[in-house]
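**Q** Since the structure of chain Y is already known, use the hints to place chain E on it.
Protein chains: 2
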Amino acid sequence: MDLKKLLQPNTIAVIGASEKEGFGGDTCRNIIEYVKDLKNTFFINPKRDYVFNRPCYKSLSDVSVDIDMIVICTPKKTVEPLLIEASKKGCMGAVVFASGYSETGNEDGKKAEESLKKLCKKLNIALMGPNCAGFVNYINNVYPFAFISKKRDRKGNVGLISQSGQICLSLMETQDMRFSYIISAGNGNVITMEDYIDFLVEDKNTKVVSIYLEGVKEPKKFINSLKKAAVRRKPIVVLKAGRSEKGRKNAASHTGSLAGSDKTFDAIFKKYGVIRVDDIEELMATSNMFSIINKLPEKPTFASMNLSGGETGVCADTGYTYGVQFPDFTEETLIKLKEQLPSYASPNNPLDMTASLSYDAELYANALRTIMNDENIGTVLIGYTLLLEIADPAIYYMAEGIKKVVEEGNSKPIIMLPFLENTRNYEYTEKLRKIGVPILPPSMYAFKIVKHLADFIEYEYNDRTLKTALPEYNNLQKTKALSEIESKNLLRKYGMPVGDAYIVKDESEALDAAQKLGYPLVMKIESADILHKSDVGGVKLNINSEKEVLSTYHEILVNVSNHKPEAKINGILMEKMMPKGMEVIIGVNNDAQFGPMVLVGLGGVFVEIFKDVSLYPAPINKAEAEKMLKKLKSYKMLTGYRGGLHYDLEALKDMIVKISNFADKNKNVLSEVDINPLFVYPEGSGVKVADAVVIMKD
Amino acid sequence: MDLKKLLQPNTIAVIGASEKEGFGGDTCRNIIEYVKDLKNTFFINPKRDYVFNRPCYKSLSDVSVDIDMIVICTPKKTVEPLLIEASKKGCMGAVVFASGYSETGNEDGKKAEESLKKLCKKLNIALMGPNCAGFVNYINNVYPFAFISKKRDRKGNVGLISQSGQICLSLMETQDMRFSYIISAGNGNVITMEDYIDFLVEDKNTKVVSIYLEGVKEPKKFINSLKKAAVRRKPIVVLKAGRSEKGRKNAASHTGSLAGSDKTFDAIFKKYGVIRVDDIEELMATSNMFSIINKLPEKPTFASMNLSGGETGVCADTGYTYGVQFPDFTEETLIKLKEQLPSYASPNNPLDMTASLSYDAELYANALRTIMNDENIGTVLIGYTLLLEIADPAIYYMAEGIKKVVEEGNSKPIIMLPFLENTRNYEYTEKLRKIGVPILPPSMYAFKIVKHLADFIEYEYNDRTLKTALPEYNNLQKTKALSEIESKNLLRKYGMPVGDAYIVKDESEALDAAQKLGYPLVMKIESADILHKSDVGGVKLNINSEKEVLSTYHEILVNVSNHKPEAKINGILMEKMMPKGMEVIIGVNNDAQFGPMVLVGLGGVFVEIFKDVSLYPAPINKAEAEKMLKKLKSYKMLTGYRGGLHYDLEALKDMIVKISNFADKNKNVLSEVDINPLFVYPEGSGVKVADAVVIMKD
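Order-wise, the sequence lines are chains Y and E.
Following full-length UniProt numbering, the numbering of the first sequence begins with 1 at its first residue and continues without gaps.
Following full-length UniProt numbering, the numbering of the second sequence begins with 1 at its first residue and continues without gaps.
You may find that some hints are simply not true.
All copies of an identical chain are treated as equivalent in the list; a pair is satisfied when it fits inside any one copy or across any two copies.
Within a straight-line C-alpha distance of at most 30 Å, the following computed DSS-like cross-link-like pairs (lysine-lysine) qualify [said to hold, decoys possible]:
hint, residue 1, residue 2
1, LYS451, LYS263
2, LYS338, LYS111
3, LYS263, LYS207
4, LYS150, LYS431
5, LYS110, LYS338
6, LYS336, LYS451
Please keep in mind that the hints were generated in silico from the structure rather than gathered at the bench.
In this text the structure is predicted, and so the values were computed from the model without any measurement.
Chain Y extracted, bound-state conformation:
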């Protein structure tokens, strides 16, 4: 199927064209309003001769030319026959608004969607929807979209794809957002969200890809697009549904999407530098910021310039809350600012300029230029609440001053940060937009959004394995836990540090093993049927002599046969006791869509009470392993905390890399790994797997 036939058609037919409210009427209204040249658009309705004074055809076959794409505004039952008819006219694209398909959750709906999908495949028709609101292609002026919004020029460079038509409409209704494409994907089972994402990542007219996503259906395509965007540094901004259980449930009933594990999405987004936002306003404003600024900043640092002390304080505090860096100005900047500002102002970053400079464009430009030239600063934030109706003339002078500085060629971004929500004055919004200055929402959003900017420029795709171990098949449902020795042997095979161990089946084997291993020893029951060995008296530590080996051997067997008589016993596992190190937990969970996710955290309360863990998709390189560790609050426990030991971080990173490789290579058959604990020893002394369970698919 060719997405271009859908999104960039030469000829279009609107089936069910009408003047009434509803899909047919509203689509026609939009087309009449926005499409400049209507000669390749055909309205079809057997009951009408004209629609909005344009000729209307009785049926597709009455149209004399081939039709690339049809917009079906009529009910569900008409859809399949129309597609078959259209196909005969050379149609290879279709938009279907009708609902009643898989989103209903019922069998009839699911079947209808399956049938539709099959038909499209057969006819080679790229279909948008069903249960969608259509799309707008602002680049080629194509407007098969069913929701009405206020008329304004929206052509720009944000490519929006949404599983909610209402969110498309909302972003169109924002004051200043400009788009290359707006795509309401609906259920997205024929042409999927992933297809559209890939299209926009590839599209040279799209500078920012903005997505409302309920779930992913084609992980491989999805990852591939994220990777391309990461390498090209094209920002992808995603509002992903499903942080909460109620949010996941809602996604399922809205477009029939399975939202997937939320933490997995966070991990995937981290790997590919995708910007995740939390609501519609943040999606809009983050996309808009990336859309408008002329160039990315070179440093993740900010200056904040304000006209009042109260607002300066809010910037200092809110910036701090969101982790925005305000470095001190250089000495040179401070000296210059002292000359420029009134005597009662004290130059700091954030800066209270006082209002006095804002009534003279030249003075304002001077101060702004001084700050823009400071080597510590990456981006300048101008704190100012631009209102709809201007009461205070300061903006006249400020805007002129900003323009002056921008036109001198200083390429650091300038961003305006208001303190109160409002529709912004149209004239000045437009003036500022034209010179690359976006206006953000009020401070709580604004600082969250500029932190996205800082994170985006700090992301380095060269530091990352841009590969994700996506399972090739995923049809194995049953799982089987390996016994401890099987688990450890498997890990050892993949280069992970596991102590020597023997399974013994009688006294003489036990004594033999003891001699090879040396004392002190650990002895444990070895059985895949017993997961909690201690609970059945199946673990004995600190065995120091032949005599103890023999007595323990029998003791364990008696305990187990008392507690768990039905368990199949493979023998007794004998290992040399390991010295205790710092306890680290490493887990792997094989996500049904995105494959093995590796989890790392310090043992005990760190993981259990504080959930202080890092999760990241396999495979993982050493730089990524380091980032995972540094993200832990408990990281400092490993690096000489309170005069304590420095632990062997190199070995720990190697271990993470190895387990991720193991998981990668076994992505189709692995279910879970739980290494708990891994002992991490002091610098230079390595790590060792103390206990491990591997669960494979069967």
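**A** Only chain E this time, still in chain Y's reference frame:
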């Protein structure tokens, strides 16, 4: 000084009346614009006969009547002579705009402010400022305010006090906020922030007190007002500067305020149920919500009603992030909703109603009524982005439906929650306001704000000691650490569980003490000069015989004389070794303004890595102690975590109450207490102070 003479004057003179831009001109412009009856307002300017066509007097003495209050628009140097002159005319209130006082941070400025303060006291003049923007009294129509904003009716019930004039202006510029008073306090050294706060808490026309606060100067007055507001359930919403170091610095250079310890303010606000917000938008919108709703909800739970699936998902996820509770609907509600909604909708909370009901007021009212009647729900959130210019007619029907339900007398609050920032349609904002429905900012703010509402109604002043142990004097700067035994004896005196201990000065006393205490023993060096006893070999544990007592006695003395020969030794401290319990840290820090703050947390990494502590002002009752403990993430460690022990929470709470009483009684002389650790034993077995240092002021 009588605040009413300042804020509710009968006669006013504007000194420096003018038509130019600036304090004089802008104040006159505001008065002409807003004050209905100008017969008691007198303009004074020696150079003018008329100002805006109103007669202007050469000087105050030319005015024939007494003047209650003067507004000084002229420069700093004129202020004191004017006050003296005005006093002769019976003046007891003044507004001073001029800056150049204590906010400069320099000696001249501070002196000028000291002098001004003294003069006002002498003349009995209640002075607002200096370095302020004046005030508006909307109730009595008094308008000595120097900033210009768009004309609209702003009379309402929010009392605003701000240390930033710009923040006053910002809140006036918001679309829909309505005030009883707006007060720009400026430096606030004559009439203080605390005076204004108390005035508004007492004022019956003020429903919500809204504050931008840089620092507190009169803690006693402040606390007293908070207490009154807590008991009357009048919401106080505070934007307090100084979350960050840079924010604290900015407050100091803005109005010369010392921002104080930020965590102390959090603790104080918690005790009195004060709502702390983080930026100007949140201050505005939180105040506005409390101002508009007709009645507080009875439950801290919410229903969310939306017109689209995407928006419903955002509500579910964002609500979850901010801890907003969306309980499930009752069976009855679900049955009714299923009848009312289209067949493809699935009734959940948050609810995707689909757009279909929003084009019929009756159907919309039915669904709303059904949800309002659900016993699980406290407040209903209507998700809808009202725009400035209405494109979609849904709001006509929704507003009518809402009105219908409200007028039936259902008293649960209804709040509108938009998804994008905008100036809201004036007509509908007003319609909704009149029936008690506020419109919040977009979702990130909105959910934070409705969580404030939930917290506010959950606060119970009856559960709290509404007392704070404010120091009566605070002139002792030097501190002196008590030795361990002195510290413990002091704590024992206040009923805290401390083991028996003896100081021994020779071998025979040591043997004697051993016999009285029993084995095993701990022996430690006792010296106020040695804080870290272990570091000098001054601590020995697990002493089990007379022989060991004697050898240890000498060993400790030798160690100490080697490591710390200059220390004054009081002897050797002997104690019975305590069994180990769960280690808890209890600290007290005596805040210079708000007195002793009690800190509780679990020992070790809990406090040190995760900063998992509760801080609360003394004195503390048992219910408050319980809240402190429950706030800890590590609380579960005390309550049978992973099948572990249940610790003696009753004894721990008693301990917190006792240490807070001790701190309260010693609030003028105590500097610090550090109990580390307190051993907490299993249920019924109490707690015991294992180590303690008390530092007193000297």
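**Q** When no copy is named, should LYS150 and LYS431 be tagged within, between, both, or neither for a Cα gap of at most 30 Å?
**A** Both ways: LYS150 and LYS431 sit 21 Å apart in one copy and 23 Å across, limit 30 Å.
**Q** Which holds for LYS336 with LYS451 at a C-alpha limit of 30 Å: within a copy, between copies, both or neither?
**A** within (28 Å within a copy, 45 Å between copies)
**Q** Checking an output row: LYS263 and LYS207, CA cutoff 30 Å. Within, between, both or neither?
**A** For LYS263 and LYS207, only the intra-copy Cα distance (27 Å) is at most 30 Å; the inter-copy one is 43 Å.
**Q** Given a CA cutoff of 30 Å, do LYS110 and LYS338 count as a within-copy pair, a between-copy pair, both, or neither?
**A** This pair counts as between: shortest inter-copy Cα distance 21 Å, intra-copy 70 Å.
**Q** Are the CA atoms of LYS338 and LYS111 at most 30 Å apart within a copy, between copies, both, or neither?
**A** So LYS338 and LYS111 pass the 30 Å test across copies only (24 Å; inside, 73 Å).
**Q** Should LYS451 paired with LYS263 be assigned to within, between, both, or neither, using CA atoms and 30 Å as the limit?
**A** Classified as both: same-chain Cα gap 20 Å, cross-chain 25 Å, threshold 30 Å.
Figure legend: structure checked against the earlier numbered hints; every hint is met.
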